Amino acid sequence: MFRNQYDTDVTTWSPTGRLFQVEYAMEAVKQGSAAIGLRSRSHVVLACVNKAQSELSSHQRKIFKVDDHIGVAIAGLTADGRVLSRYMRSESINHSFTYESPLSVGRLVVRLADKAQVCTQRSWKRPYGVGLLVGGLDESGAHLYYNCPSGNYFEYQAFAIGSRSQAAKTYLERRYESFQESSREDLIKDAIMAIRETLQGETLKSSLCTVSVLGVEEPFHFLDQESIQKVIDTFEKVPEEEEDAGEGEAEPEAALVAAGTGEQGGSGDQDVAPMEM
Amino acid sequence: MTFTIQIENGTEVRNAEADSQRTLYPYVTGTSVVAIKYKDGILMASDMGGSYGSTLRYKNVERMKAIGKHSLLGASGEISDFQEILRYLDELTLNDNMWDDGNSLGPKEVHNYLTRVMYNRRNKFNPLWNTLVLGGVKNGEKYLGMVSMIGVSFEDNHVATGFGNHLARPILRDEWREDLSFEEGVKLLEKCMRVLLYRDRSAINKLQIAKMTEEGVTVSEPYSLKTFWEFKAFTNPTVGAEGSWLYDN
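Listed in order, the protein sequences are those of chains A and B.
Each residue of the first sequence is one higher than the one before, counting from 1 in full-length UniProt numbering.
Each residue of the second sequence is one higher than the one before, counting from 1 in full-length UniProt numbering.
Some hints could be false.
What the hints assert, rightly or not - Have a look at the derived ranges for each label pair, beta carbon to beta carbon:
1. A:Val110 <-> B:Glu178: 26 to 32 Å
2. A:Glu155 <-> B:Met98: 16 to 22 Å
3. B:Asn126 <-> A:Ser57: 52 to 58 Å
4. B:Arg122 <-> A:Thr8: 52 to 58 Å
5. A:Val110 <-> B:Glu183: 42 to 48 Å
As the list claims (entries may be wrong) - DSSO-like, lysine-lysine: derived pairs with alpha carbons at most 30 Å apart:
6. A:Lys125 <-> A:Lys189
7. B:Lys191 <-> B:Lys142
8. B:Lys108 <-> A:Lys65
9. A:Lys205 <-> A:Lys115
10. A:Lys230 <-> A:Lys205
11. B:Lys108 <-> A:Lys115
12. A:Lys51 <-> A:Lys115
13. B:Lys142 <-> B:Lys187
14. A:Lys65 <-> B:Lys138
Please keep in mind that the hints were generated in silico from the structure rather than gathered at the bench.
Everything numeric in this text was worked out from a predicted model, so none of it was measured.
Ideal Cβ positions, reconstructed from N, Cα and C, are used throughout, including at glycine.
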């Protein structure tokens, strides 16, 4: 996308019928570090890559609990993500208070999408620069939605957003047909493997990722480092010592890995703007 | 679309103008509603009377209405406030229908929503002058609850409003069982309604019984109960009474 004379205001259409500011906002999502969501009939798993500003700081939180039955993973401007998470928590708790019943995920994402749409139609506002993967459980089953800055939302069996999410999406596309009937453990394993795809060469450690689960009779919660490492250990036979042996375990992704070794995980991200994670 | 509960700023000003803005007393009222859980769902009974003070002015008032697919609402107290409540609930169910996304309001949600509304109005000294009975079945689960005009709210296996609390509930406490059949349930309700007919002056002999099951709601056609007025105590009420000259032979 090149700079042009129609991209200054969100309320200016281009001659080809595009709102460039909205599209630029969607670019911000692509710059954030990866977030992945998958769902089965009874569970939803949200996972993300932990990135810290520097070695001195702790990593930014990208997954938020909205309610016992809804969680959200974000990619893009985390500040925007935080504000929207607060809005979702507020909507959810207000509904629970009035109806003493959990808010259904579909209704929540619609409100979120409407809120995002407003910002695409006011000249004094700007679109939210964050993509949200909303995962939740309600009467009609487990759901995973993706809300984007344009105000659109889509339901998915599995999805990945953020930088290098294409690698994860490729992995998920191959496997998604089995997710609906997956067990909870398999779903978690698939999520972590998808995260591994986005790391492209960097060894997968439990400190690099955050995983959350929610399901039937299982309120939203984060998995602790130990549990994540256990899952990693099942498919990364030699975690730290010999990187070659570790890579050797990987299936045909080896080609992708070789292509990506030009820039190892850590150094590449120094170019990311500080407010985006 | 969500129903926003308005919280007013400022304090209540006591003058004639402000007073005309809030409910002070009811005008056209309905009397008791009695409801029980039975084997397949909920049974609710109420008469069709609307009293204007001591006058039995309206005799065709339906005081029980279906709400959505899963609930049944019965009300005693001010009829116009009941109609207002129905309007609020209409908005809610319409919203559900509009979304058409597989989600629907169950009896628990409706009950809690009504509790919030009633309590909120009570806090503003402008109550909806009703006692509401909310029953329903959703996904096999039976639900029966009550909300009063001051926001007191609870669930039980059998509920009643007004005089029903004093005359019907003792009967229900003795005779209600978990596994009543439809016929047994109707008989039990009729027994309660008959006592109310004899003893509550605002009751009329024209009642409806509503049935709520997983399949849906059916409200019966109005009918009347057989009554017997030749009890000796009715024919000669003052016999043997304190201070009377008549004695029981």
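Lysine 205 (chain A) and lysine 115 (chain A): Cα distance at most 30 Å? Cα-Cα ~37 Å, so violated.
Satisfaction of the hinted span 16 to 22 Å by the C-beta atoms belonging to glutamate 155 (chain A) and methionine 98 (chain B): 19 Å, holds
Has the given pair, lysine 191 (chain B) with lysine 142 (chain B), been kept, meaning a C-alpha gap of at most 30 Å? The given pair, whose Cα atoms are some 23 Å apart, holds under the 30 Å limit.
Are the Cα positions of lysine 65 (chain A) and lysine 138 (chain B) separated by 30 Å at most? Roughly 28 Å separates the two Cα atoms, so the pair holds.
Consistency of beta-carbon spacing, glutamate 178 (chain B) to valine 110 (chain A), with hint 26 to 32 Å: 41 Å, violated
Is the hinted pair lysine 142 (chain B) and lysine 187 (chain B) satisfied, with a Cα-Cα distance of at most 30 Å? 20 Å, holds
What's the verdict on lysine 125 (chain A) and lysine 189 (chain A), does the C-alpha distance respect the 30 Å limit or exceed it? 41 Å, violated
Pair hint lysine 51 (chain A) and lysine 115 (chain A), alpha-carbon separation not exceeding 30 Å: Since the Cα atoms of lysine 51 (chain A) and lysine 115 (chain A) sit roughly 28 Å apart, the hinted pair holds (cutoff 30 Å).
Just to be sure I understand the hint, the distance between the Cβ atoms of valine 110 (chain A) and glutamate 183 (chain B) should be within 42 to 48 Å; is that true here? Since valine 110 (chain A) and glutamate 183 (chain B) have Cβ atoms about 46 Å apart, the given range 42 to 48 Å holds.
Given pair status - lysine 205 (chain A), lysine 230 (chain A), alpha carbons within 30 Å: This hinted pair holds, its Cα atoms lying about 10 Å apart.
Could one say that the CB atoms of arginine 122 (chain B) and threonine 8 (chain A) fall in the range 52 to 58 Å? This hint holds: roughly 54 Å between Cβ atoms.
Pair hint outcome, lysine 108 (chain B) versus lysine 115 (chain A) [Cα-Cα no greater than 30 Å]: 29 Å, holds
In summary, the numbered hints that this structure violates are 1, 6, 9.
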